[in-house]
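Colleague: Sequence:
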Amino acid sequence: MAILNIRIIGDPVLRTVADPVTDFGPELEKLVADMVETMEDVDGAGLAAPQVGVSLRVFTYRIGGVEGHIINPVLENSDDFQEDEVEGCLSIPGLGFPVRRRRATKATGVDLNGNPVSVEADGMLARCFQHETDHLDGVLFTDRLEGEDRKTALRAIRAADYHSVAEQTTAKRARTVGSSFGIGSGTAG
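According to the working numbering, the sequence shown is numbered sequentially starting from 1.
Some hints could be false.
[Claimed, not checked] Pairwise CB distance ranges, derived in the manner of DEER restraints: (1) Asn113 x Glu146: 37 to 47 Å; (2) Glu40 x Asp79: 28 to 38 Å; (3) Val86 x Phe24: 35 to 45 Å; (4) Ala156 x Asp79: 29 to 39 Å.
Because the hints were derived from the structure by calculation, they are not lab data.
In this text, a Cβ means the ideal position worked out from N, Cα and C, and glycines have one as well.
Could you build the full structure based on these sequences and the hints that come with them?
Modeller: Next comes the structure, spelled out in structure tokens:
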């Protein structure tokens, strides 16, 4: 397994609708294992494949002791909303704003072996499923903001030097994972 580089806002893969998974096998197994390891390394609640540069409809999650992955997810959201909670994103470091999300969702899809998966979620897990599925559709949480929050977020993104942030994040993580980022004396894996 490997810790993968997380793509930062500005990378076109984050704005591209991901392709459905059609090939199940060792490459997909490795992708999901690497995504889980990456998500755990950065203490994330969820991670979508486009965030690691892979334009496939896959996400991993880990919230409140509930963890897993869903391939080719489809959401059935409730009509009502939960209270707005501050969301952040590994692909937009340092930015967090309250986001409106549906109260509950049912996520259906398949697992690594193509077996059906169905998870009913509310609260933070429902929020996570909606956030990660947005990534698969080329949508970032900032796209869901309105009014002053949206203006403030867009100003912060324009003012931020995300290229520098990406380099700093890569360098910091490379010290702990050795050659996974091509830094260090080991062989890249």
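Colleague: For the hint 35 to 45 Å, verify it against the beta carbon of Val86 and that of Phe24.
Modeller: holds, 36 Å
Colleague: Could one say that the CB atoms of Glu40 and Asp79 fall in the range 28 to 38 Å?
Modeller: Distance hint for Glu40, Asp79 holds at roughly 34 Å.
Colleague: Is 37 to 47 Å a correct range for the gap between the Cβ atoms of Asn113 and Glu146?
Modeller: Cβ of Asn113 to Cβ of Glu146: about 41 Å, so the range 37 to 47 Å holds.
Colleague: Can the suggested window of 29 to 39 Å be confirmed for the beta-carbon pair Ala156 and Asp79?
Modeller: Since Ala156 and Asp79 have Cβ atoms about 32 Å apart, the given range 29 to 39 Å holds.
Taken one by one, the earlier hints all hold for this structure without exception.
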